[in-house]
Amino acid sequence: MSDTGAGVETNAPDADVEIDEAEAHDSEVEEAAKHTPRGVPLRVEGLRKEFGGIVAVDGADFAVEEGSLTGLIGPNGAGKSTTFNCITGVHEPTDGAVHFRGEEISGMSPDSVANRGLVRTFQIARELEEMTVLENMMLAPKGQTGESLWRSVLPGLRSGIMGEERKILEDCWEMLDFFEIDHLAHEYAGNLSGGQRKLLELARALMTDPTMLLLDEPFAGVNPSLEERLLEHVHELREEGYTFLIVEHDMDLIMENCEHVIVMHQGRMLTEGTPEEVQSNEQVIEAYLGGEVE
Amino acid sequence: MSGTNDDADGKDDPVGGVRAAAEQLWEEDAVKLLGLILGIFALYLVGGALLDFGARQQVNLLANLFFYIGVFAMLALALNLHWGYTGLFNIGVIGFMAIGIYTTAVLAKEPALTEPAAGSIGGFGLPLWLAIIGGVLAAAAFGGLVALPALRLRADYFAIVTVGVSEIVRFTVLESDFQKMQIAGYFVGLGGGSGLILDFDPTDDLLEALGLLEPYTAFTESAGAALSLGSNPKPVFDSLLYGLILLVFLIGFYVLLRRVGNSPFGRVLKAIREDEEATQSLGKNTRRFKITAFMFGCALMGLGGILFFAVQGAITPSAFRPRLTFFVWIALIIGGAGSTTGSVMGGAIFAAFLFRGPLFIKNVVQQNVDSDAVDTFGQAVSPLISGLDPFPMLLFITDNLQQLQLVIMGLVLIYLMHNRPEGMLGHRKEEASTISLNRPERSTDSPGATPATDGGEPVDGGDTDE
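Taken in sequence, the protein lines are chains A and B.
Be aware that the first sequence starts at 1, since it is given in full-length UniProt numbering, and climbs by one per residue.
Be aware that the second sequence starts at 1, since it is given in full-length UniProt numbering, and climbs by one per residue.
Calculated directly from the structure, the hints in this document are not laboratory data.
Computed from a predicted model, the values in this text were never measured in an experiment.
Hints may contain errors.
[Unchecked claim] Quick list of in silico lysine to aspartate or glutamate cross-link-like pairs, EDC-like style, CA-CA up to 20 Å: (1) B:429 x B:28; (2) A:142 x B:275; (3) B:180 x B:199; (4) A:167 x B:431.
Kindly generate the complete structure, drawing on both the sequences and the hints.
Rendered as structure tokens:
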């Protein structure tokens, strides 16, 4: 974790308080890591992204521990979504590196990133509207042999695919049951409500058999009861061993549910730590909450 | 699910049973298509009778009609793969057709090893079937060449590239520098503005390859005499035979594209149409899928072009104007983009009513209405205004129906865009999978179970789960 600390130091040399904070936190994490050794599947180092003259992300350094529920927060324009897009291959970072499970993935195409087990959802749920819920689900599994044109068409090969399809179909129904949207299976995804779409998107992402999920504002526009359900699912999945990185606007939600919180502000890393640490950080209060916290 | 209920009712009520059976039969796409085409044929036969057509003319009429139904349906199917499935806005259909037929022509024409006479151009003298394969492969390869740079572009720019490319193809075959060249001793070329004479006969070549040309010719003589088709009945039978060949190809296109659509491959294509970025985020290399689908569609368009022009006797660059591209688009929009069966229906309806219809109606009306149309628009309008007499106007319109063809197509298109943008069958759920997507629990071992009887299960399952 020492490089994380160093990154914060070099990128924010003017913020003395922050360095202290970061160093303090650094040793704390190291302490914790000694007791419960966990892998660090995702590591972002010195990530920088410029659009023309605008610096959207100016040196983001953080790591996400295996099996954790990590929150990434920050006010509008903090660079959260750009960071997300750089991690998932939508944007190529100007500088810096992203490592996923020991492999550098920065600059890879989105599908290569997804195929390595790092799968994202979108801020505005992006359902494939004129496809049914089941079609959406069945699209997701990786490496389907039926995705080859000739295998889908030629008589002998096609029957081989059908067996695979039956297996996938069973898994899809199971997943729909888990998310309790099985009654919508034959509905067009475009007819689903906002909350149902978020459920479907998460279910679909899980069908790719990922090891880590990046959720971009998964609770935006979701009614409270569905939000609770979605949260339950996330916690349940985390206990099963999935790792989550969640970008979220809702401060309370992150503080209540995440074990580790990363705060970004104006393209920079402000601080990171446990919800308590972050909440009591003066800079965070100033920058993000406008000085009005509790 | 309603089908199940109808079936149950049908057991008590024989009339309802028959109706339900008929409804179920109508559900079959093949029945729909057959019904549509037979209906069109019947209409044309009635029209032919009104024109006092003899047997030979009636047969010719239907053969000619089916030719256009077949080619437009095939081209609409190929375009449906691009637009309906993958969302690739290809408005350069005619360019790929041109590549197909020109390649076939150059490969199949009689070779000329010495400088041929002015105006005639040789070919490589390959057997026609090989030349057709060559044409299809050339169209696919050309599609790949276009796709590599163009698929990086946004949808609208991609469309501009395709229409541009189709014009480049036309200007290339028009180019006098390529009119006649000597390649490896063969005098070949694209014919320039005067085009190429197609010195092969697809039906004769096929029959000869099968060793059936002699008995076939004898058969046409005797059958022609029996059906009183007049002297030299062979061309009539040739056009019927070609119709049959087209039918075989059409069924091939249909089965092939249905299989493509109802497969994991087709599922990814549909997903790309809906949201490419979301599809990528699920680990699909969308670029590979787009290129494959585009090349495959271009190959089919090339084959469509070959089948369209191979029996025309000659090809000239002017036949390859973008207009035909838009005809195919209209056919696809009528049928419903995204639906394989709809594409065929659209092709049939376009060919019968918009493409061949106006001229036919004009002939029928002029044959049966005993008065002369006025010559100018003014002469047609003035009685309408002065005496509220609409007949001169109607006659004038009928007289110019052929010229108004494009206007009618435009009106139909505007109407469809406003009132039924999804076309005839575009709204249909054609779930992209090789298997039925109903909950498998109780039917794991019978994947072939019909959706009608299976349809009740998910509801039952859903109830118990909730």
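Hint-by-hint comparison with the structure:
1. B:429 x B:28: 14 Å, holds
2. A:142 x B:275: Holds: residue 142 (chain A) and residue 275 (chain B) sit about 18 Å apart, inside 20 Å.
3. B:180 x B:199: Cα-Cα ~17 Å, so holds.
4. A:167 x B:431: 17 Å, holds
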